[in-house]
Amino acid sequence: MVKLYYYPGNANLAPHMLLEELGVPYELVLVDREQNAQRSPEYLKLNPNGRVPTLIDGDLVLYEAAAICLHLADRHPEAGLVPPFGTAERAGFYKWLIYLTNTLQAELLTYFYPERLTDDDAATAQVKSHAEARVGTMLDLIEAELAAHDGPYLLGARYSAVDPYLLMLSRWTRMMQHPARARPHLGRYLERLIARPAIQRTFAAEGLLAPLF
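Residue 46 in full-length UniProt numbering sits at position 46 of the sequence shown, with consecutive numbering throughout.
Where hints are given, some of them may not hold.
Stated by the list, open to error - The calculated label-pair distances, taken between Cβ atoms and stated as ranges, are:
1. Arg90 to Pro8: 30 to 40 Å
2. His130 to Asn49: 22 to 32 Å
3. Asn102 to Val24: 41 to 51 Å
4. Gly86 to Arg39: 19 to 29 Å
5. Gly80 to Ala144: 20 to 30 Å
6. Arg75 to Arg201: 15 to 25 Å
To be verified - With a cut-off of at most 25 Å between alpha-carbon atoms, the simulated DMTMM-like pairs for lysine to aspartate or glutamate come out as follows:
7. Lys3 to Asp59
8. Lys95 to Asp140
9. Lys3 to Glu27
10. Lys3 to Asp140
11. Lys95 to Glu107
12. Lys3 to Glu34
13. Lys45 to Asp32
14. Lys128 to Asp140
15. Lys95 to Glu78
16. Lys128 to Asp150
17. Lys3 to Glu78
18. Lys128 to Glu107
19. Lys3 to Glu42
The hints are simulated quantities; they were obtained by calculation from the structure and are not laboratory data.
Backbone N, C-alpha and C fix where the C-beta goes; we use that ideal spot for every residue, glycine too.
Could you build all of it, start to finish, from the sequences and the hints given here?
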């Protein structure tokens, strides 16, 4: 059985939503960050970065949330959560998944952990403020993309693995001055996603409370 090591609301949320969407058997294993369990010798043997999530699938030990999402989608092509290889739609899928993980998620980490970039308290607040502004411009780009096409999802008509990933990152902005949900197209998009039964089950399993995004 697949195992997903998680902590509520962390980067495991996207692969967790995919597992529920796929309907495959899996086990959740809590990594208690309150107890610094991600730094335990046992966990570091699985994920030497000391980060969440980690996926165990048979003999495969996989970390990095985007890689886990790609693996799950490719393991279950019948679910249609990723477009076929070699198509323009597949290229668009790669573009958005990499944009979300390498650009938006990276900037969100700067927002949440500004102290990693400076030892000065005043500079920490400035780094956080600038990161929030840059996140806003990235969300504006996604808002424009959703406004430009008729489909209800990020790729258009197709629900794919990039949608739960975007929901996860949008949720991380929920306490910002101008969160993702405040944009009209993005807000309606997030409402559609949160109504999906698989996503509702995931949020319930992780014990996530309002505001959900």
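Q: Please write out, lowest number first, the hints stated earlier that are contradicted by the structure.
A: 3, 4, 10 and 16
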